[in-house]
Amino acid sequence: KQEVTQIPAALSVPEGENLVLNCSFTDSAIYNLQWFRQDPGKGLTSLLLIQSSQREQTSGRLNASLDKSSGRSTLYIAASQPGDSATYLCAVITSGSRLTFGEGTQLTVNP
Amino acid sequence: DTAVSQTPKYLVTQMGNDKSIKCEQNLGHDTMYWYKQDSKKFLKIMFSYNNKELIINETVPNRFSPKSPDKAHLNLHINSLELGDSAVYFCASSQTFQETQYFGPGTRLLVL
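As given, the protein sequences belong to chains X and B, one line each in that order. Residue numbering for the first sequence follows the working numbering, beginning at 1 and increasing consecutively. Residue numbering for the second sequence follows the working numbering, beginning at 1 and increasing consecutively.
Everything labelled a hint here was simulated from the structure, so no lab data went into it. C-beta: ideal position from N, C-alpha, C; glycine also. Among the hints, erroneous ones may be present.
Unchecked claim - Looking from chain B toward chain X, a few residues come up when the C-beta cut is under 7 Å (computed):
1. F42
2. L43
3. Q98
4. T100
5. P105
6. G106
Unchecked claim - In silico EDC-like cross-links for lysine to aspartate or glutamate, where the CA-CA straight-line distance does not exceed 16 Å:
7. X:K42 to B:D38
8. B:K41 to X:D39
9. B:K67 to B:D30
10. B:K44 to X:E3
11. B:K40 to X:D39
12. B:K71 to B:E53
13. B:K36 to X:E103
14. B:K40 to X:E103
15. B:K19 to B:D85
16. B:K44 to X:E103
17. B:K9 to B:E24
18. X:K1 to B:E58
19. B:K36 to B:E82
20. B:K41 to X:E103
Could you build the full structure based on these sequences and the hints that come with them?
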């Protein structure tokens, strides 16, 4: 059974800092990995999707990497802003179309 | 334009009642999903449909019955609501299960 773990559970940083969020998964037989953002009381917004054959994806100040063999992914946020404050969720898709989520990292960027 | 929409946004009801949540996507996707987010914010898949056919049915009480009248709609009907059903229910869609999933805004269900 796939298990997804995210570390840290919460993170508070001053504005402008670069930061890294970590995600690990137990079954490396994944089709892809997605990073989502969830704002309080809102739905999820997809940030980046990395196919299993890819090593990284970039979108603006976000960069996600994937090391399938070791079961790890990182989300790098450059020059963090208060508007980046949200919960960041990592999810992997395995056989049978199952999207398994981690418990999320709650990020607070302080002005 | 709203890509994935859900109604209602909030639902407060008594134990034992039957309720439905509706989901519609205008993205032309073939695959739709229902997720449950509990009080600890953990998201878990409940059902997945592809072109109106059930693909995933996780260990969910049979009081929960999804219905897909067409590939743009996936509704969730819940019978005999229990206190433990209180959660946020999210609908999502994707073109295929290997592609990006787009989520609706969620339906906040509170069972009293």
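Hint-by-hint comparison with the structure:
Among the interface hints, the one on F42 of chain B holds; its C-beta lies about 6 Å from the nearest C-beta in chain X, closer than the 7 Å criterion. A hinted interface residue such as L43 of chain B counts as satisfied when its beta carbon comes closer than 7 Å to some beta carbon of chain X; here the least separation is about 4 Å, so the hint holds. At its closest, the beta carbon of Q98 of chain B sits 5 Å from a beta carbon of chain X; the interface hint therefore holds under the 7 Å criterion. Against a cut-off of 7 Å between C-beta atoms, the interface hint on T100 of chain B holds, since the closest Cβ of chain X lies about 5 Å away.
At about 4 Å, the closest approach between the beta carbon of P105 of chain B and any beta carbon in chain X falls short of 7 Å, and the interface hint on this residue holds. For G106 of chain B, the shortest C-beta to C-beta distance to chain X is roughly 5 Å, which falls under 7 Å, so the interface hint holds. In summary, the hint linking K42 of chain X to D38 of chain B is supported, as the alpha carbons are separated by about 14 Å, within the 16 Å threshold. A hinted pair counts as satisfied when its Cα atoms are at most 16 Å apart, and K41 of chain B with D39 of chain X qualifies at roughly 12 Å.
Between the alpha carbons of K67 of chain B and D30 of chain B the distance comes to roughly 15 Å, so the proposed pair stays at or under 16 Å and holds. Distance check on the hinted pair: K44 of chain B and E3 of chain X sit about 12 Å apart at the alpha-carbon level, within 16 Å; holds. A hinted pair counts as satisfied when its Cα atoms are at most 16 Å apart, and K40 of chain B with D39 of chain X qualifies at roughly 15 Å. For the hint linking K71 of chain B to E53 of chain B, the alpha-carbon distance of about 9 Å falls within 16 Å, and the restraint holds.
A C-alpha spacing of about 13 Å is found between K36 of chain B and E103 of chain X, which places the hinted pair at or below 16 Å, so the restraint holds. For the given pair, K40 of chain B sits about 8 Å from E103 of chain X by alpha-carbon distance, which is consistent with the 16 Å threshold. Between the alpha carbons of K19 of chain B and D85 of chain B the distance comes to roughly 11 Å, so the proposed pair stays at or under 16 Å and holds. At most 16 Å may separate the alpha-carbon atoms for a hinted pair to count; K44 of chain B and E103 of chain X meet this at roughly 10 Å.
Between the alpha carbons of K9 of chain B and E24 of chain B the distance comes to roughly 13 Å, so the proposed pair stays at or under 16 Å and holds. For the hint pairing K1 of chain X with E58 of chain B, the CA-to-CA distance comes to about 13 Å; that is within 16 Å, so the pair holds. Annotation: proposed proximity of K36 of chain B to E82 of chain B holds, straight-line Cα distance about 14 Å (limit 16 Å). Only pairs whose Cα atoms come within 16 Å are accepted, and K41 of chain B paired with E103 of chain X is accepted, the gap being roughly 7 Å.
The structure shown violates none of the earlier numbered hints.
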